Amino acid sequence: MGFCIFNNVMVALAHAQRKYHKLIKRVALLDFDVHHGNGGQAGCWGDPSRFFGSTHQTPLFPWKGLSTDTGAHMNVVNVPLSKTSTSQDFRDAWEDKILPSVREFGPDMIFVSAGFDAHEDDPLASLNLIEEDFYFVTDLIARLANEVCNGRLITVLEGGYDPDALGRCVTSHVEALAEAPLPTNTHPKRDSLVEEQERSINDRSLKASMLFSREEIEAMDKSTIRAELARLGLPTSGRLDALKNRLGAVVSR
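Under my numbering, the first residue of the sequence shown carries the number 1, and numbering increases by one thereafter.
Mixed in with the good hints there might be a few duds.
Restricting the straight-line Cα-Cα distance to at most 30 Å, the calculated cross-link-like pairs of lysine-lysine (DSS-like) are [what the hints assert, rightly or not]:
1) Lys244 - Lys25
2) Lys222 - Lys19
3) Lys22 - Lys222
Hints are computed from structural coordinates only; laboratory data are not their basis.
Since we're looking at a predicted model, the values are computed, not measured.
Take these sequences, add in the hints, and give me the full structure.
As structure tokens, this is what we get:
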């Protein structure tokens, strides 16, 4: 039940957990669309590796998202907002209730259902948010992603039914993402997982043939090496010599 046939952000979340399971074990899905993300909540409810947090108007379709819905593992936080709620109510919900729970959960990656139909000009609901509110929440989420998961953050466009207001809100959202500071320190959890993965590769039988010869790797440019690492599900960040060593450690099966 909902506005979507396919839940794009949940597909992306599940794909990330499955393909990059060495690095992305725990994920958070955050939703500020005016309609409750009942599909996202259902996809996270019984899985202790997933967190779901939402603000949404109530009462409003799909008539879900009670504050008493906490998930099977205390991994769901809903903050319903009445049509009389203010910008400050929205901001407080994220800053004081949802994001502290995300920090405690400690995701390896954050996904955002970025709906802008809570804007005051949107015709489908009655909340009265403005562009600056979406900048505010996006900035908070981006900074939290830097803090807990080395900046791994994906946002997916959701609702917004007044074209002019939607354009202004998306602009504010993208500006907040672009202006958020980059992670200043390498994330310790990520470091340990990368080291574990690389040790696993290096510990394989020395008799196994290498996937790429040293000559083949030396002939590749940096973008080609990164593409091969991504195809293999390995990290793609780092200096060129480190990327070469990472790819050179991969053995064929």
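Hints, one by one, checked against the model:
Straight-line distance between C-alpha atoms of Lys244 and Lys25 comes to about 26 Å, which keeps the hinted pair within the 30 Å bound. For the given pair, Lys222 sits about 22 Å from Lys19 by alpha-carbon distance, which is consistent with the 30 Å threshold. A threshold of 30 Å between alpha carbons decides the hint, and for Lys22 with Lys222 the separation of about 23 Å falls inside it, so the pair holds.
Against the hints set out earlier in the document, no violation occurs for any number.
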